[in-house]
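Starting from the known structure of chain A, arrange chain B on it as the hints suggest.
2 protein chains.
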Amino acid sequence: MGYRFLKKLTNVEDVLNFVSNKLTVKLGVEEVKFDDSLGRVLAEDIIPDFDEPSTDKSAVDGYAIRGVDILSASQYSPVRLKVIGEVKIGGIPMVKGFKGKAVKIATGAALPDGFDTVVPLEYVKVLDNEIEISKSFPIGDNIIKRGEDFKKGQIMLRKGKIIDPFDISILSLLRKIKVKVLEKLKIAIIPTGNEMIEPDETGDLYKTVNTNSYMLYAFCKEPWMEPHRLKIVKDDLESLTKIIESSIKSHHVLIITGGTSVGELDLVPEAVQKVGKIDLMIRGIGIQPGRPTGVAVINGKPIFMLSGFPVACATGFIAVVRPLLYKMVNALEPPRPVVRAILKSRVSSSSGVAKYVRVKVRKIGERLFAEPVRITGSSALSSLTESNGFLVIPPDLEGFDSNSEVEVILYNPIQE
Amino acid sequence: MGYRFLKKLTNVEDVLNFVSNKLTVKLGVEEVKFDDSLGRVLAEDIIPDFDEPSTDKSAVDGYAIRGVDILSASQYSPVRLKVIGEVKIGGIPMVKGFKGKAVKIATGAALPDGFDTVVPLEYVKVLDNEIEISKSFPIGDNIIKRGEDFKKGQIMLRKGKIIDPFDISILSLLRKIKVKVLEKLKIAIIPTGNEMIEPDETGDLYKTVNTNSYMLYAFCKEPWMEPHRLKIVKDDLESLTKIIESSIKSHHVLIITGGTSVGELDLVPEAVQKVGKIDLMIRGIGIQPGRPTGVAVINGKPIFMLSGFPVACATGFIAVVRPLLYKMVNALEPPRPVVRAILKSRVSSSSGVAKYVRVKVRKIGERLFAEPVRITGSSALSSLTESNGFLVIPPDLEGFDSNSEVEVILYNPIQE
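Here the protein sequences come in this chain order: A and B.
Going by our numbering, the residue at position 304 of the first sequence is 311; the numbering climbs one at a time, nothing skipped.
Going by our numbering, the residue at position 219 of the second sequence is 226; the numbering climbs one at a time, nothing skipped.
Not one of these hints is a red herring.
Any copy, or any two copies together, can satisfy a pair, since identical chains are not distinguished.
Once the Cα atoms are required to be at most 20 angstroms apart in a straight line, the calculated PhoX-like pairs of lysine-lysine come out as: (1) K191 / K228; (2) K40 / K238; (3) K281 / K29; (4) K111 / K214; (5) K308 / K284; (6) K334 / K166.
Just so you know, the hints here were simulated from the structure itself, not pulled from any lab data.
Chain A extracted, bound-state conformation:
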């Protein structure tokens, strides 16, 4: 009963700092094919062993020339140059440039030695085997210089980057066929509660359907994570201790839902304490819904204790679990879509908690309006699907007035 009311809440910033300092578990490194590496965490710096482009190239379709040959070219005194060949894209520039000569060249084709400038097609008058140019161009014009994209030895992608489509194209360009990435973060998702049944189980209307495992599994379905849904565990100390003990061996992270401060069945923290030496135990975090959220660290691995109530479980995951998962792989969280909107009705909060208000953002004319979704209970799942964003009231504010401009973190598109 000691924990039940959780009067003393730790604020989220502190939780993230305290916990990340204790997370000492090291992930292994594995090699994957570059085209299977999307969304994985890069475990090596990517450094090219050649310049790109590897030769000077033409930036346009035109004629490669020596800039000095056309310095005097003008409409009144055009310069004629003899065309001695052609370089297509992908072609080997067999010709060599010299005084008074030109070579036809395609965009992206390698510039032959001796030439230094390309005159675009539209400024060239083509005669028999000569061209006429009536305008001078700065030396070096329309050339992509060797190494302009990147140079040998330069770090292109850094360890800890979550590999995106642009990075994939860099890896392919560098012919980095095998790439070192962190092993996947193995996450056990453990639902608890005597009242719980699975969606495909039958039970009377007093039972609670396990929704949290499926939501958390979906949140963890990132290429760099490997979530496992474990079976529902009964609220008894022995069962809980056993499952925590066995799953912590084969996973980097445990996420337990339910049983953290509900009624008298406050067994999860007790079971966690029986399993091993606790490096850290935080009970009660300053988020709402989600106050009963807890985190323990055992052997450098985190055990998250989330509320059994779906919305509190979601906010606990978003505010506490997810940032720490990114810290465990030393990667930055991707940027979140945030919009500014006019609040349509007042929202209030008690001090000391970051309150996650679910709002529906709509576009009316050119302006965005945010309307709090009426349902406030931490079990009301519909509040998450009726809304499209969170308005977070920071712990030091009592709320926001109607008509004030607020920032909303969007998780679904705005409908007009």
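Here is chain B on its own, set in the frame of chain A:
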């Protein structure tokens, strides 16, 4: 040569409208298990056949009572009620409430018939088999009403929704074990060019490594899409016609890269025209890089012709292809992270094109600054990985001055 300079560009808005009006191909519907449906496009409205919660429930740990019994309760005249039982979470409320009685109840447990109010534990003094209450509570206080989350028959999720983790939890709560989703959008990615080699092929330094297929494949690795990378096609009309003809049969979308307006090898549009009756052909779109981008529609299916230059290929995909893929499945694009930042140096653009300037956004103190990445070539992949966002200069502006506040679409996190 007629298309080469593409003087007349169609602006992106028009392209999206013209093309989406012609896309008549219909996707099939398939059933998947709800926990495999993440990221798929919902193909049915989701409507519950029961109220949630199915009974009135307690919102707190406390005692269920009849509100009328404690209307007169105060510190000076506390009310005593006899405790006649207990309801745990998941338990069946066997007792029935009547005058002068109370029942111990857990958060989330079903309220027994006859009771209408719950007094939280902390306001209750527990005696032997009685409780004492020194404060009145409004009738109905601390009750979650039946149907408060949602009601039978109400649409919870709508057709066209891309299923997210919150939706997964709704589906599990509704015990919607099988869910109807659109079949995956089948996308053929076709690289062209005589100069092209695959990353794992050997070739001299004048060859161009195929990076676009891998980047596009990564962009299309969404649960609702099914991208296929086809082999590099040579720049001859017969090969191109053959591959377009065969792949359009087994795919909903073709994305062809290269050969759209490079040098004299402008064969892709010609090949497209040979394959079938063209419902629409747009050549030259007002984006930069990416001016040579084209779209054709044949048999209600789109054939996108993207530049062979990596950055132009990327912007063509982001500005033109991706929005149309979402339209094909009638879904909204997810919100994009946009930030406002101070521009560190002037950027300019020619009118009539939406210019995608790659910028690096940094946080200095409390402010964000956007610095254009120096490399501007449409082949310079490093400009995409050195930057973390696009600053789009709209077609009707000539640019932005240094120190102006601009909006940046972020694709990678901001480092401090």
